[in-house]
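Protein sequences appear in the order of chains A and B.
Residues 919 to 1302 in my numbering are what the first sequence lists, from first letter to last.
Residues 919 to 1302 in my numbering are what the second sequence lists, from first letter to last.
Don't read these hints as lab results, they were simulated from the structure.
Note that the structure is predicted; figures quoted are calculated from it, not measured.
Some hints here could point you the wrong way.
Unchecked claim - Listed below are several chain A residues computed to face chain B (Cβ distance under 10 angstroms; list not exhaustive):
{"id": "1", "residue": "S957"}
{"id": "2", "residue": "L1002"}
{"id": "3", "residue": "D1021"}
{"id": "4", "residue": "D1163"}
{"id": "5", "residue": "G1167"}
{"id": "6", "residue": "Q1226"}
{"id": "7", "residue": "S1230"}
Ideal Cβ positions, reconstructed from N, Cα and C, are used throughout, including at glycine.
There are 2 protein chains.
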Amino acid sequence: MDLIKQSFSVNFSYNVYFSEDIFHKNNLILKNFFEEYNSRGTKQKILFVIDDGVVNGHPQLIEKINSYFSTYSETIELVDPIILLPGGEEVKNRSNALDEVLDAINTYGIDRHSYVAGVGGGALLDMVGYASAISHRGIRHLRFPTTVLSQNDSGVGVKNGINYFNKKNFLGTFAPPIGVFNDPVFLRSLEERDWRSGIAEAVKVALIKDLAFFEWLENNADRLRQQDEEAMKYLIFRCAQMHCDHIAGGDPFETGSARPLDFGHWAAHKLEHITHYEVRHGEAVAIGIALDSTYSHYTGMISRDDLQRIISVFNRVGLNVFHEKLEEGRTLQRGLDEFREHLGGQLTITLLEHLGKGMEVHEMDYDRIEKSIQFLKRYSTQKV
Amino acid sequence: MDLIKQSFSVNFSYNVYFSEDIFHKNNLILKNFFEEYNSRGTKQKILFVIDDGVVNGHPQLIEKINSYFSTYSETIELVDPIILLPGGEEVKNRSNALDEVLDAINTYGIDRHSYVAGVGGGALLDMVGYASAISHRGIRHLRFPTTVLSQNDSGVGVKNGINYFNKKNFLGTFAPPIGVFNDPVFLRSLEERDWRSGIAEAVKVALIKDLAFFEWLENNADRLRQQDEEAMKYLIFRCAQMHCDHIAGGDPFETGSARPLDFGHWAAHKLEHITHYEVRHGEAVAIGIALDSTYSHYTGMISRDDLQRIISVFNRVGLNVFHEKLEEGRTLQRGLDEFREHLGGQLTITLLEHLGKGMEVHEMDYDRIEKSIQFLKRYSTQKV
């Protein structure tokens, strides 16, 4: 038999910048970025797609972006108009949102050396990232995450996606951005609920990877609850850093079955879905983590004291550890089945070996899940 | 300014197998392949999507595939039914073809550790590869190319795509297959026209990379015209090998502007488009190569004798070097503009420095293009 063995590696590099007031004329980060990346001999364009909720919270934003790019128009050409779309999960459900971005990419001649920028929360960034990834086999994509959750987690990662066939992220790709810009100005207009819910992913990475960061979260839970910006900036930087390290050090495009960063997520995805996204992602992740931590305790992996510390951190930052829909037993079982199908191959769930260290298992016991739910329910009721 | 520098490499590996009668029960290549790739603890599925023209040429094919997978059903589960779709460019234009594949991936629960196999020419493989790449962020994709062109060129590469907004490959990704299976049995049912047109890409790689292979083509042009299977098997193997080497050795996901393998393709794409694909891809590529070779001659790069050798090879294998639509002058200019937009950045065109070596230029002169067209027209008329 004749055979050609093909093998090659592709390097992906991008920076995550942390800078205040990124679109202020005196902030040269973006200008310098485009000067570095611009291709010889041609002038690149940039198309902006912005979450309209962000514009409501920052009424000067569009004027600021226009002014920034008009100042540096020799470096990069801003496409007029800027596209505004609703944020939240709905933007991933509606195919006309994707169509609007694709249509603009075509109409304004955005090529593989030009840029599509998304400004918004994780859902909008997922959809814009997907549109960029499939157009001309991949246009340069910039992310400006505006929520805690997108700045510390999804926005700095390599995934995109939209919902299809009523399934979360059924369509999507792995396509690293070319740059991520985390600006604390956007955090100032967040509802308290969104501020809080972003903390869940930080608790997650701390629990599976870094006891010291978990202890920092314990020591700073009150500052975080009080919306202390300095505390939140540290949380976001450290969480984003651990997220990036995990991607680079492991299996960036997830060809295996393990997903340590999905700790607590199998139940969270299902809970979001069955509450029609009334429970937000971070809120659902907090509950999912509490559930799998309790399960870890009942499996003999972490002590009751450690479980108490986890629940206590969530409580102190204002995140619930229980939702009544958790009691719809078979629904959660289906969540486990769907998680298996989405990952493919063998079911792989992360539990806690001890605080700061995750551990993979390949099955979960439904009775023990039920027992964990009842524990969290009692705990939650006692609190009230 | 705080900054996280993210950088990682992703390795992509796959084999291109050359084997006769791949679905014969005694041929263990596929069985062994699945045993090697199957993930621990679960049973993978495979969904087949087949070009119905191939089934017409090989009426036993579906029965053979069913029989093969029923023999090895412990190893891999064949999804029933097999999907049949029309081949040719039309399958990339009709969104319902893509939808049918996505729908089957969803309905039959094909996950990231299962397989989607495409059996057909380059267009069908492009569409099926795209459906696989965007489902669940990438399902394992197998290709069974059935034409000369797909076995020696597109089928062994890393691109997929569909047409959108009436633009060729507007939507697509770079997503390497997990395995390619080149079976000469499929070549036996090809129309003479498709047999011939596949030779154009071999002439292309030979001209830009390997004089010895060009000389082999000169020496074997008559055997190729007479549909000698052994000659064609060598042509396909050598051309596929050079195509793979080029991808692995260069810029696999084409982040730069250079596209040496697109030698002759800017005019070819436009010619296919304006003739509504009556001119097939390989036929158009032969004309495009002849055009850019003539242009190279008029630029002082290759001699009249060398140009004559190129045209002579095309003639002897039965490929024309001229089409009357080339004379629609401004149409070709638009082709150059569209090529620039699709590549993005600076226009980069490959010309011939000498036989066996391409050379990049960044502009083309319209008068000289016109002069080249007139040369090919006179040449073509004299031949008749």
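For each hint, the structure was consulted:
1. S957: holds (4 angstroms)
2. L1002: Since the shortest Cβ distance to chain B is 22 angstroms, the answer is violated.
3. D1021: Given a least distance of 8 angstroms, the restraint on D1021 of chain A holds.
4. D1163: The hint holds - D1163 of chain A has a Cβ within 10 angstroms of chain B, the shortest such distance being about 9 angstroms.
5. G1167: holds (8 angstroms)
6. Q1226: violated (33 angstroms)
7. S1230: The hint is violated - S1230 of chain A has no Cβ within 10 angstroms of chain B, the shortest such distance being about 30 angstroms.
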